[in-house]
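Could you build the full structure based on these sequences and the hints that come with them?
Spelled out from the first residue to the last, the chains are:
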Amino acid sequence: MAYAANQSILFDNVSKFYGDVLGVNRISLAIGPGVTSLVGPNGSGKTTLMNLMTGLIWPTKGSVRVLGLTAQDPERFFRLVGYCTQFDSFARGVTGREFIYDSLRLHGLTHKEAADRTQESLERVNMTEAADRKVAAYSKGMRQRVRLAQSICHHPKVLVLDEPLNGLDPMARAESMALFSALGKDGMHVIISSHILHEVDRISDQVILLNSGYVVAEGQIQGVRDEVKEHPMQIMLRCSHPGLMAAKLFAQDHIMEAKLHDDGRGMLIRTRDAGRFYSQLHEIVLEGEIDLEAVAPADDDVNSVYQYLIGSEGATV
Amino acid sequence: MAVYKRTYKPYSGELTANWTRFTILPRYSLAKIFDSKILIGLLLVSLLPFLVAATIIYLTHNPIARTLIGMRGENILSIDNRFFFQLLKIQGSLAFLITAWIGPGLVSPDLTNNALPLYLCRPFSRVEYVLGKLSVLFFLLSLVTWVPDLFLYVLQGELEGNGWLMANLSIAYAIVAGSLLWITVQSLLALALSAWVKWRIAASGLMFAIFFVAAGFGETFNQVLRTYWGHTINLVYLINEVWADLFGVPTNVSFGRRGVGDPRTLSVPLGVAWAVLLSVCALCLLLLNRRLRAREVVR
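Going down the list, the sequences are from chains D and A.
Heads up: the first sequence begins at 22 in the numbering used here, then just goes up one per residue.
Heads up: the second sequence begins at 37 in the numbering used here, then just goes up one per residue.
A hint or two may mislead.
Calculated pairs, EDC-like style, for lysine to aspartate or glutamate (alpha carbon to alpha carbon, straight line, at most 16 Å) [stated by the list, open to error]:
{"id": "1", "chain 1": "D", "residue 1": "K161", "chain 2": "D", "residue 2": "D123"}
{"id": "2", "chain 1": "A", "residue 1": "K125", "chain 2": "A", "residue 2": "D281"}
{"id": "3", "chain 1": "D", "residue 1": "K155", "chain 2": "D", "residue 2": "D123"}
{"id": "4", "chain 1": "D", "residue 1": "K133", "chain 2": "A", "residue 2": "E50"}
{"id": "5", "chain 1": "A", "residue 1": "K68", "chain 2": "D", "residue 2": "E119"}
{"id": "6", "chain 1": "D", "residue 1": "K178", "chain 2": "D", "residue 2": "E96"}
Chain A is nowhere near these chain D residues, computed Cβ spacing over 12 Å in every case [stated by the list, open to error]:
{"id": "7", "residue": "S36"}
{"id": "8", "residue": "S49"}
{"id": "9", "residue": "G83"}
{"id": "10", "residue": "L125"}
{"id": "11", "residue": "D153"}
{"id": "12", "residue": "C174"}
{"id": "13", "residue": "Q255"}
{"id": "14", "residue": "H275"}
{"id": "15", "residue": "L281"}
{"id": "16", "residue": "A295"}
{"id": "17", "residue": "R297"}
{"id": "18", "residue": "S300"}
{"id": "19", "residue": "E310"}
Think of the hints as simulated: they come from the structure by calculation, not from any bench.
C-beta: ideal position from N, C-alpha, C; glycine also.
Following this line, the structure appears as structure tokens:
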């Protein structure tokens, strides 16, 4: 998808080397508004990509522009970007409120503006009650939420979140994901790196799969899955006569395998051509011999694509 | 297709001046530091020379007070450039202890916790970060060096009268310039050690080693080779050389009891002393520049 330069994060043939260590190589990307997930194993270049788009490091080659700006214009650039690191970095004795307030003062906001926005961001992450307690007494999840609050407190248009769901309990995780989705729908560019693949799959508008410093695939996860030709698509069917259904399907050469479910009410199909499969299925259903209850892709989630493309299994915590 | 409302608006209101933002950093550093009873004790001890000097100045100008405490004679001490030079030497030593105590804890926690990306993803540069951390040491060390010394200078001038203040402006200059140089050298050294040595006790120990083990090594070098160039690695000696020049007192020939003509009684040239001290500062800045990055490369 093409985006206007001032509406997207543009990587133009970007390479970053740390001496002789490869960070990322020849990356060309355009990241638009919405939620984008960076997925890849350790050392794949996710954090390098995040550091590049937050202006913390400069590319060895190529250029990075965030909504038309570079970090050479720090005052405007950093006002657009919010970064939530995965690490604890709180001064001893500081309260949650003070931590956010100080980050706003570093952005140059006046005392009153900083105090108002601190309160607003605390409310947004449901941390108002604990705001005046020392961070040292917070649980891991509360610390994560305070970090998230400090990254959105100055109303950035680009929000970069490094492993934002780590340490959150299921309730806080669901709230955070709802918040990311809401921010994405507000027109913010939300970039998330995470190993919790099935969760980022649920909230992502697009994923970027990285491996060894290269972009392996990008786009909407179903689209990426379609491109993985060497791995047949798996589709789950629930129907009244699965044996008959299998027989009809095997009339076509794109069907490679059918596994009947133990309950006799469904099966798992492996096909080389999902398009042709769905057309054929449509015709079979119209014949009226078989009642179709459900059809669902079984391996077009991030986890499967991740395994197919990178060859390593992502965590599913 | 996702529909984006684009309701999110970044802040576009009034901003504070860029140069003031480094002052955010010392706030919590100082709060944390003043939690330490040891530091408060050190600060109080560091103020003792000031109190003693103030008493001496007062007694020098008040014969009645001298009589009341049983002191006879015209004067107990001459309040001049030598007086302030000796005072600064004592305060400089105490300032070193304060630096060795708090300096190593200033940067290493941020590196350990990977806090630098959080600082640097704002309109806040590495230079401002270093300035913010340096300001903690400058504030504390100023409290025990040039600030009380300037107060004493004014006190002496007021009590002496007869244009003493204006006639001895060079003392005020020596107090401020000498103190700031010493504060700069040891603060940068402390920050550089803090950035490279994560264990605070080890960093403090290393600081003592740089000042005192190097001095001992330099002195051994002088003894063995019958030279004075070993002093070039003795930072305390070098700063004394510079202070002596600033205050206009004889240079540091009293190190050791040696005969006239012994090369070890000769001073390191003043230019060399300045050059070594400034080189130490430059080296520390180089070390900080290498270490203070928003990312760490895992090889």
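Now the hints, each set against the structure:
no.	hint	verdict
1	D:K161 <-> D:D123	violated (21 Å)
2	A:K125 <-> A:D281	holds (13 Å)
3	D:K155 <-> D:D123	holds (14 Å)
4	D:K133 <-> A:E50	holds (11 Å)
5	A:K68 <-> D:E119	holds (14 Å)
6	D:K178 <-> D:E96	holds (14 Å)
7	S36	holds (15 Å)
8	S49	holds (22 Å)
9	G83	holds (18 Å)
10	L125	violated (9 Å)
11	D153	holds (16 Å)
12	C174	violated (9 Å)
13	Q255	holds (27 Å)
14	H275	holds (29 Å)
15	L281	holds (37 Å)
16	A295	holds (21 Å)
17	R297	holds (26 Å)
18	S300	holds (24 Å)
19	E310	holds (37 Å)
Checked against the numbered hints above, the structure breaks hints 1, 10 and 12 and satisfies the rest.
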